[in-house]
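Between the sequences and the hints, there should be enough to build the whole structure, so can you do that?
These protein sequence lines map, in sequence, to chains S and R.
Just so you know, we're using my numbering here: the first sequence kicks off at 1 and counts up by one.
Just so you know, we're using my numbering here: the second sequence kicks off at 464 and counts up by one.
Mixed in with the good hints there might be a few duds.
Unchecked claim - In silico contact screen, one side only, chain R against chain S (beta carbon under 10 angstroms); selected entries:
id, residue
1, VAL594
2, TRP645
3, THR646
4, GLY663
5, ARG674
6, GLY714
7, LEU715
8, ALA774
9, GLY820
10, GLY825
As the list claims (entries may be wrong) - Here are some chain R residues the structure puts well away from chain S; computed CB gaps all over 10 angstroms:
id, residue
11, GLN611
12, ARG647
13, ASP650
14, LEU669
As the list claims (entries may be wrong) - Cβ pair distances, simulated, as ranges:
id, chain 1, residue 1, chain 2, residue 2, range
15, R, ILE612, S, ALA252, 40 to 46 angstroms
16, S, PHE190, R, GLU904, 46 to 52 angstroms
17, R, ILE612, S, ILE2, 21 to 27 angstroms
18, R, GLN953, S, PHE190, 34 to 40 angstroms
19, S, GLY381, R, ILE612, 32 to 38 angstroms
20, R, GLN953, S, GLY172, 58 to 64 angstroms
21, R, GLU700, S, PRO359, 51 to 57 angstroms
22, R, GLN953, S, SER316, 54 to 60 angstroms
23, S, LEU9, R, LEU829, 56 to 62 angstroms
24, S, ARG41, R, ALA545, 48 to 54 angstroms
25, S, GLN159, R, ALA545, 31 to 37 angstroms
Rather than coming from a laboratory, the hints here were simulated on the basis of the structure.
Just so it is clear, CB atoms sit at the ideal spot from N, CA and C, and this is done for glycine as well.
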Amino acid sequence: MIGEAARLLSDWSTVDTWIVLIAALAAMACALPGVYLLLRRQSMLGDALSHTVLPGIVLAFLASQSLRSVGWLDSRTLHAAQHAILFGGALISGLLTALLTQWVQRRGRVEASAALGVVYTSLFALGLLLLRLWADNVHIDPDCVLFGAVENIVISAEQRASVAWFTATVLGLNLLLMLLFYKELRISTFDPALATSLGIPAQWMQLGLVAVTAATLVTAFEIVGSILVVAMLIVPAATARLCTDRLGTMIAMSLAVAAASAVLGHAAALTLPALIFQPLGFDEVRDANTAGMMAVAAGGLLVLAALLSPRYGWISRALHQMRLSIRIAAEDLLGRLYRQAEEQSRPQEAEVIDHLGQPLLIRWLAAQGLKRKGYVRRVQGHWLLTDRGHQAAARVVRAHRLWESYLAAHQQELPDDQLHFSAHRAEHFIDRNLQAELAKELQRPAQDPHGRDIPGENGNGGS
Amino acid sequence: MSGRRVGCLSHGAGVHTRTMQRPRLLALAAVLAVIIGGALLVVLSQPTTAWAGPRSASALLAQVEPVPAAAPHMPPAAVPTATLWQRFVRAITLRDYHTRVVLLGTLVLGIASGVVGTFMLLRKRALIGDVVGHAALPGVCLAFLLQQIWQPGSERSLPMLIAGAWLAALAGAGCTVALRRWTRIRDDAAQAVVLSVFFGAGVVLLSIAQRIPTGSAAGLQNWIYGQAGLMLASDVELITAAAILGLVSCGLLFKEFSLLAFDEKFAAAQGWPVLLLDLLLMGLVVMVAVIGLQAVGLLLVVALLILPPAAARFWTDHLLRMTLLAGAIGGVTAFLGVLPSAMLARWATGPSIVLVGGMVFGFSLLFGTQRGLLPRYWLQREVRRRVGRADLLRAMYELIEPALPDDAPQVTSLAGVPVRRGQLVQKRSWKARRVGRLIAEAQRRGLIDAGPADQVRLTAEGAEAAFQAARQHRLWELFLMQAADVGLTQVDRSADRIEHFLEPDEIDELERRLARQYPELAQPEPTMPQSPHALPEEKS
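Structure follows, in structure tokens:
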């Protein structure tokens, strides 16, 4: 399987490198404003903008046509300015989307996502109608816009170099703006009220962010198509959000994720379809849509982050919890063995022992861990404490009995037979310092409320 | 004991709501049945030249001529030379078979998605239609691919593709719920992530499907994202089935869904299976969306799920009324949107309906009786005016008061005493223009008449009102000082805010409470308590 993939990837040509390079640059350019959109809970704005630029483009096109027909522009300057005019139209309608949404949301007291939905569907419908009515001959190929054309743009050598430079410029501009306004953006994102009171115009920062987003989107649509753009706006930022709490780290990570998903996506597009479908008898399937695969790769990275992120991942959290419950089970076992040894030397009323519902596997793992550390050994089917184990167990039991004494002294209404359950939970979280403080507060008691000896600090019998 | 009583109370409340809601539910069902049935009747009862067969739905549907795909936006049977009026009449009387099919399909879809969308709007998941619509793509492609793997070269089968779309859309919706629940990604980001990744996967699968030579993948994406103008009668059948299923489920589970929409945690605490209900609701949305998707396209589905409920929200705060209204608005929107597209060439049906929906939303935003901008503005203006009037009259009273004899019946002696405008301006440190406006308004209402020079006088009616205004102010001042220990210098300001909104029974209560300290208030005839600010010398 891997050898097959390597064989397929050995066909990698300069064209593929160019595709990956341009896509990665565009993806990184989108990921930058995406971080702030995610933090501001405006993630769907990207999807909405990808629709609402249409009326702007159509209107700008119609305006430029009418300028020519009036005679203000001759067709040569029109041809040169066409691109800028369309870009301006798209930008204006992007800004209009954000402003209208905000207005509907604030003045009409409509919930944010509904406001966005209302505005973007209406504007997009307007664009479609305009397109159908007056600009049917415009070259706006919805397939090209929707499904991404990164494969098509890198045909000629000089074209791909200029496209790459252009995309890099967009990325550089975005980076520059984000660095210049780093502090302002950060404050107005996390605490708009504070930003306003510090004299940072939160409203203008929001508009600026939308403008940057719209400009980036419009340029990137043309280069890599809208699927990749909408995906790269939010998915890398969300992935980074799963891994970190720091804004700087989050931005760096989302850039890395964007670039990585471009590389992985293209590699997967070249290999996966053939690997899966050729054994099924479809020899014609050699590759798949690159832009789509890049979006899928970004989604895959997100799932990985959700599982493995050191702090918030499902698996890491489960591991952390398991480690904790193993420690608790081990300490419970130590305490039980200590009490058994105590009873044999000096029989007294048995303490209640329970496992707090620990599963068998956890208890087994805990016992193995103690054995490895040399705290316990197994003699004739019975667990016995070693000397080191005895010391460790004494610390646990000391914590337990100190806490019982403390409760008995300070919680008069708690009956004595209830002390144990609370202490059984608390004993695992009372470290040496706290033990010393408890002992000091209780004037170094020798016995707990049940009349049993409290082991000394160094785990030697009694104090 | 108290626990039992609480139990009884909540049980009683449950019985109460149930008895309240049954008739309304019946009304809901009746209204929707009338709308749908009426639409069906219209279609069935109008014979055209194209159709004169037996009057059954299946026969009707069998006779649909497929519209040529090359000219999707031509009104099918319109005579090119007809005037606009003729075309309008032709469209509104539903003379064309095609118009009727499109109208019925979008109408039913509009009603169903309006009703289902209401719950989504209230759950703050208005854009779920968008997510689900994009997420359906990989399902369709996967279903197609699986079919090709199973039986190479077979025709694509409609039920399989719909099932694929439905499953993928459901998976997408489930992913948004899961991401929100089990990671720290918020709702909006979860939606955006699912939308883009699923759609990306769909594009990948589509590109693969198109590379397979045996299947008929060409036009697969056009099949997924249909156009309202190209709707077929079979689409209408599907839409109607989905709509009836959705509406009936919403009707049966109305109480549960509304509980879910307003207070999920309370529902969980009450023991309702929240997750199951949530999935059920999602399933309904997905069903309506997927069926709509392949009939009318993504844009129209998204819009019909959002626009009618959002518009209905401006007219009522009552959930059932909102649901009904959203359904009605959805239907009306579809009707109004289809009309122009039936009349005009190149006027695309889907965008036309969406635009009408946008206009209905805009209209509701402005004029909605409950939350609309203009009614709210009028209400505020009315309150501002009332407050300004009361302030003016009280100012006049306070200017006149020092000149009054101590024992005179105060109300009658107020009328006719001239007050200069300048005094009023000074008294409340108002702007002269504002005083002028207030006086003009009070004059129109016959509370004040103009005296010689720049003097004004209270009329008999105005004297009564001024007396009341001043009295309310003082009662509240005294009450604040007595009951809330507000300082003498602070009391005027805080009384200024409340005094205009005291109800008659609240005034009675104030009098009763203050009577011990100020015995003159206990008299049956209303008297004016002395202002706490008045200095003793001023009176003498």
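Hint check:
Given hint, VAL594 (chain R) at the interface with chain S, holds; its Cβ is 9 angstroms from that chain's nearest Cβ, closer than 10 angstroms. With 10 angstroms as the threshold, the beta carbon of TRP645 (chain R) comes within range of chain S, its nearest partner Cβ sitting at about 7 angstroms, so the hint holds. A cut of 10 angstroms between beta carbons decides the hint on THR646 (chain R): the least distance to chain S is about 5 angstroms, and the hint holds. Taking 10 angstroms as the C-beta contact cut-off toward chain S, the hint placing GLY663 (chain R) at the interface holds, the least distance being around 3 angstroms.
Against a cut-off of 10 angstroms between C-beta atoms, the interface hint on ARG674 (chain R) holds, since the closest Cβ of chain S lies about 5 angstroms away. The beta carbon of GLY714 (chain R) is not positioned within 10 angstroms of any beta carbon in chain S (closest approach about 23 angstroms), and the interface hint is therefore violated. For LEU715 (chain R), the interface hint is violated, the least distance from its beta-carbon to any beta-carbon of chain S being 26 angstroms, above 10 angstroms. The closest approach between the C-beta of ALA774 (chain R) and any C-beta of chain S is roughly 9 angstroms, which is under the 10 angstroms cut-off, so the hint is satisfied.
For GLY820 (chain R), the interface hint holds, the least distance from its beta-carbon to any beta-carbon of chain S being 7 angstroms, beneath 10 angstroms. Because the smallest distance between the Cβ of GLY825 (chain R) and any Cβ of chain S comes to about 8 angstroms, under 10 angstroms, the interface hint for this residue holds. The claim that GLN611 (chain R) is not at the interface with chain S is violated, since a C-beta of that chain comes within 10 angstroms of its own (minimum 8 angstroms). ARG647 (chain R), annotated as away from the interface, has a beta carbon of chain S within 10 angstroms; the closest lies near 6 angstroms.
Not every Cβ of chain S is farther than 10 angstroms from the Cβ of ASP650 (chain R); the closest lies at roughly 8 angstroms, contradicting the non-interface assignment. At roughly 7 angstroms from the closest C-beta of chain S, the C-beta of LEU669 (chain R) falls inside 10 angstroms, breaking its exclusion from the interface. At about 43 angstroms, the CB distance of ILE612 (chain R) to ALA252 (chain S) agrees with the hint of 40 to 46 angstroms. Distance hint check for PHE190 (chain S) and GLU904 (chain R): the Cβ-Cβ separation is about 48 angstroms, which falls inside the suggested range of 46 to 52 angstroms.
Taken as a hint, the range 21 to 27 angstroms holds for the pair ILE612 (chain R) and ILE2 (chain S), whose Cβ atoms sit roughly 24 angstroms apart. For the pair GLN953 (chain R) and PHE190 (chain S), the beta carbons lie near 37 angstroms from each other, so the given range of 34 to 40 angstroms is met. Our hint of 32 to 38 angstroms for GLY381 (chain S) and ILE612 (chain R) is violated, since their Cβ atoms are close to 58 angstroms apart. At roughly 60 angstroms, the beta-carbon separation of GLN953 (chain R) and GLY172 (chain S) lies within the given 58 to 64 angstroms, and the hint holds.
The supplied range of 51 to 57 angstroms is met by GLU700 (chain R) and PRO359 (chain S), whose beta-carbon atoms lie about 54 angstroms from each other. Taking 54 to 60 angstroms as the suggested C-beta distance range, the pair GLN953 (chain R) and SER316 (chain S) conforms, at roughly 58 angstroms. For the pair LEU9 (chain S) and LEU829 (chain R), the beta carbons lie near 60 angstroms from each other, so the given range of 56 to 62 angstroms is met. The hint said 48 to 54 angstroms for the Cβ distance between ARG41 (chain S) and ALA545 (chain R), and at roughly 52 angstroms that hint holds.
For GLN159 (chain S) paired with ALA545 (chain R), a C-beta distance near 51 angstroms fails the hint of 31 to 37 angstroms.
The earlier numbered hints that this structure contradicts are 6, 7, 11, 12, 13, 14, 19 and 25.
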